[in-house]
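> With the hints as constraints, model all of the structure from the sequences given.
Number of protein chains: 4
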Amino acid sequence: MSYQEIIEELFTSVKQEKNIGSLATFIPELGNVDPGKFGIHLTQVDGLSYGIGDHEERFSIQSIIKVPSLALAYKLMGESLWTRLGYEPSGNPFNSLVQLENDHGIPKNPLINSGALVISDVLISKLNNPHEDFLEFVRKAAGNPSISYSPRIAESEKSASYRNTALCNFIKSFGNIRNNPEEVLDFYFNQCSIELSCRELSEAFFFLANYGLAPPDNDRMMTVSQVKRINAIMQTCGFYDESGEFAFKVGLPGKSGVGGGIVAIHPGQYSIAVWSPILNKKGNSYRGVKFLEQFTTRTELSIF
Amino acid sequence: MSYQEIIEELFTSVKQEKNIGSLATFIPELGNVDPGKFGIHLTQVDGLSYGIGDHEERFSIQSIIKVPSLALAYKLMGESLWTRLGYEPSGNPFNSLVQLENDHGIPKNPLINSGALVISDVLISKLNNPHEDFLEFVRKAAGNPSISYSPRIAESEKSASYRNTALCNFIKSFGNIRNNPEEVLDFYFNQCSIELSCRELSEAFFFLANYGLAPPDNDRMMTVSQVKRINAIMQTCGFYDESGEFAFKVGLPGKSGVGGGIVAIHPGQYSIAVWSPILNKKGNSYRGVKFLEQFTTRTELSIF
Amino acid sequence: MSYQEIIEELFTSVKQEKNIGSLATFIPELGNVDPGKFGIHLTQVDGLSYGIGDHEERFSIQSIIKVPSLALAYKLMGESLWTRLGYEPSGNPFNSLVQLENDHGIPKNPLINSGALVISDVLISKLNNPHEDFLEFVRKAAGNPSISYSPRIAESEKSASYRNTALCNFIKSFGNIRNNPEEVLDFYFNQCSIELSCRELSEAFFFLANYGLAPPDNDRMMTVSQVKRINAIMQTCGFYDESGEFAFKVGLPGKSGVGGGIVAIHPGQYSIAVWSPILNKKGNSYRGVKFLEQFTTRTELSIF
Amino acid sequence: MSYQEIIEELFTSVKQEKNIGSLATFIPELGNVDPGKFGIHLTQVDGLSYGIGDHEERFSIQSIIKVPSLALAYKLMGESLWTRLGYEPSGNPFNSLVQLENDHGIPKNPLINSGALVISDVLISKLNNPHEDFLEFVRKAAGNPSISYSPRIAESEKSASYRNTALCNFIKSFGNIRNNPEEVLDFYFNQCSIELSCRELSEAFFFLANYGLAPPDNDRMMTVSQVKRINAIMQTCGFYDESGEFAFKVGLPGKSGVGGGIVAIHPGQYSIAVWSPILNKKGNSYRGVKFLEQFTTRTELSIF
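Protein chains in written order, with this note's numbering: chain A, 1 to 304; chain B, 1 to 304; chain C, 1 to 304; chain D, 1 to 304.
Honestly, the hints are just simulated from the structure, not real lab data.
Accuracy of the hints is not assured; some may be wrong.
If several chains are the same, the list does not tell them apart, and a pair holds so long as it fits within one copy or across any two.
[What the hints assert, rightly or not] List time: in silico DMTMM-like cross-link candidates among lysine to aspartate or glutamate, alpha-carbon distance up to 25 Å:
| no. | residue 1 | residue 2 |
| --- | --- | --- |
| 1 | K75 | E195 |
| 2 | K18 | E155 |
| 3 | K15 | D103 |
| 4 | K126 | E300 |
| 5 | K281 | D103 |
These figures come from a predicted structure and were not determined experimentally.
Quick look at the structure:
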């Protein structure tokens, strides 16, 4: 059976089952999304590509952007990046402050909110025009110049930002934010506001499946070693305090967002993006996790 | 360059570098080991096998036994095992009690001490002769009837057991140990006392690289899906609060012990065991981590 | 209105109200007590004394014994005692292990279980015959040679001792228990097993209201300064994570036990003991707290 | 020996000893104070009053203002205030966020920063002109219309406010701040900026020693019961994670500020204010604690 046939079959069966959970209403704009949306797109290293359902419709990728942000900061800073934050799983929810107090302002990893704020701070220090330069990096990774921030969603994030404001000021109080907290938060909200379709998302992450080379011309985004390490971080830290569960059930490095998107990587094989906005209790797409679990079981292709 | 040549070269170069850290003196018997010992053994799925240095000398595998213990409990209990403990990385040292208090006696995963005590309790409940039956399982996995407990080391563990006694009684106070705490501790110490050589260790873990089939006759130890899940748990939880680091630097699922042993799995390719007793600050073999990091870099074979 | 009249009136009114909570069934023997028991005894510095209800019936004083244990250890060790434990309120339940991990085995204060275990360890090291010598000290404080341990209750404590066994071994793992954990636990359980009536209890604590002088012959138990400090510790730490509440509502230093007893001290005025076995959610006598709150309101005599 | 003679003698001896610690440089303005300043003022219920040293010089009372703020909020809200925060000692430093995460945004007590922010929020909701009305309340308590905010110090607080900004937004994220966090922070900084001399401070707190009646005309500030409860809270919570120590060594309810001021109350007897800007490791005036410890030892007047 081909990947395409397996995806079609699983898409149909998962769509027929009950969709259990709720929308991410704490960001007002995300509460307005049609909860029935469901799309999948696979981009293979051998050049094939396949999508189904709402795979061409853009949605808010939210925290999934933490991976490209990390990639750019890592490319710019090299291993010295790890003096500012770690790469260990956190064992705590994505926005916990407890760990920061114990570790004196050093976030556990770059894929929780505190870590992404430090990454944003690094990018502001390193880039001439942070907002523009970062967008350029994402466009290049995706081979897609139409990618852009959504002022509407960025504004909506900001209105619900008390916890992130707390995190950013808390890290600043330890000296691990170098720029103005408001500037860091604005940049962070802008990053989170990007909207991509499943097709665009799987293309933007394709270089992580393709040893660092991006479409359409195989431009090198970063070294092979850096790509492996980003995949390792996605594997151990990509799903907050459910990272073990995703490794256990799906067996691929990946990253989720509260907009209902999930992207997963099979190094050397493919990148795959799924979107369904209803979230399980841990804040990950209910259908997204379900589909990917069945997909790696059926294809017998997990990295383990 | 063949695996054998790479191993030989790295063995020599790592051996020439300074060995930084100390022996695990908190278990008296482990403090008597020659700190210069260094052995490596690789067992490939295609039938090849190669060892170097002290790879035929037995050493105390300690916590590495937590993986076979988990495997047997998982085989006996199926998914119902996960009502008794989780499979999320802990973010805490191996013998922390803090997490248990927050989670009311449910250990985060089976590869920290609290989780291994619950696994021991499960095995006592499920096996007719826990000590004998478990040994039989390990012998079968390794295809090696000479494997045995070391009463000398088990006794030495016991003399240094205050923290484990605390953990076991603490879990019991939440009702998540069903048998007598002393009986559970005795069984746990016996498991930790097993001594294997690098060759034997890589053979005992071979079924995890070989989709569940054990040497010499390809007997099925457990299902393909269970094997994948055990590898996923090793990847996210195998090195206590340094699991992210091992994924980041080595990129393979693995497990370490305070005796200085490390075993790592490349699913579908090989199992590899390294032994060098000097431990880094986090309690993992200094040379073992260093060798494996360079080995996966040189072979360009990590799972990521 | 005299103290006696106020006590009589409040005893009657509190007795008529509903008694809300439950018995301390986690120690089997305490579950067999008549839940309707209610007694009060007041011993004044000026020599007057008054009791009502079941004030002559002995009950298990449990954790209340932590105060005499502290007093004897303090008397023997002086200020050097405070290298082994602190005198700060804990902010955690009485048997929490979290604080101990953060503070490397140094209990926050002597009136939580971990602190009392360290006190027991100190007494074993300092006394020739710990069990006999401690009993002698309590008998002398109370002017009452008939006080004794209850083997039946000590045995019952032991059968429910997993949490205390965990605490004691955990502290031992940090080196802050010097003797054998089993020996320390046995002595601790024996202390907790003592049974006193309200009259005997208020007499045994009388020296803390009387600047260190005990009945009947005004023998000095310890210095004025030491007495003040023990009262201060009772004030800030006597009711686990409800110590603030007791200070707020009653305004006197005191100590409670899960047997339903409470003793409170008005320095320079009186000691008072109340017993009613039904406990509130925090493990303190429901009627005991209620009576004392109304008593200090009516007499307008709190220390604040 | 009279109080005056004891104060004179202790003032001289403490002043001759080495002053150990450092200024509170994290608030820039506080780093400019003459570290040698030392003043004491005692106001007795019987009408006598006595001061020595720099007792007429105004200094920044900082957190000491948390007590009048609590008093006004308690007066306005009654017991319903305690749905918004607790009155238990915290066991953590004054600006810890850990406790808030465990307790879902409910501060442990009103005398740590998180609690004072909730109190400020309550006052904003309850008062027509929060800044003016609060000042009026403090002026009335002190019988002193010249008391005022210091814009210079308020501005300096604000420049060092990352941790407090984190706290306020964190509590807001749990819904336990009702007004705009910036407005709450501005009001909080204004309160902390008040400057008083030792004389003025002891007079402003006099009503807590005098059962609720304030100078010069014995106006009732609040009920006797409310006064007792505020004193109880000062006793158990007034010195952050050193509250047990102050009870142990001094034995009076009190409150300290990082400006080096301490005020203590002997209910029914006196209020006393001490100022010396060098702080010990826990952030309390080194000489202030030392003087008060010796003062209560010499006068034999602690509440215990």
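> Does each hint fit the structure? Answer for all of them.
So, going through the hints one by one against the coordinates:
1. K75 with E195: Answer is within: at 23 Å inside a copy they meet the 25 Å cutoff, but 44 Å across does not.
2. K18 with E155: Intra 33 Å, inter 55 Å, cutoff 25 Å: neither.
3. K15 with D103: Classified as neither; 43 Å inside a copy, 34 Å across copies.
4. K126 with E300: neither (42 Å within a copy, 31 Å between copies)
5. K281 with D103: between (27 Å within a copy, 17 Å between copies)
Checked against the numbered hints above, the structure violates hints 2, 3 and 4; every other hint is satisfied.
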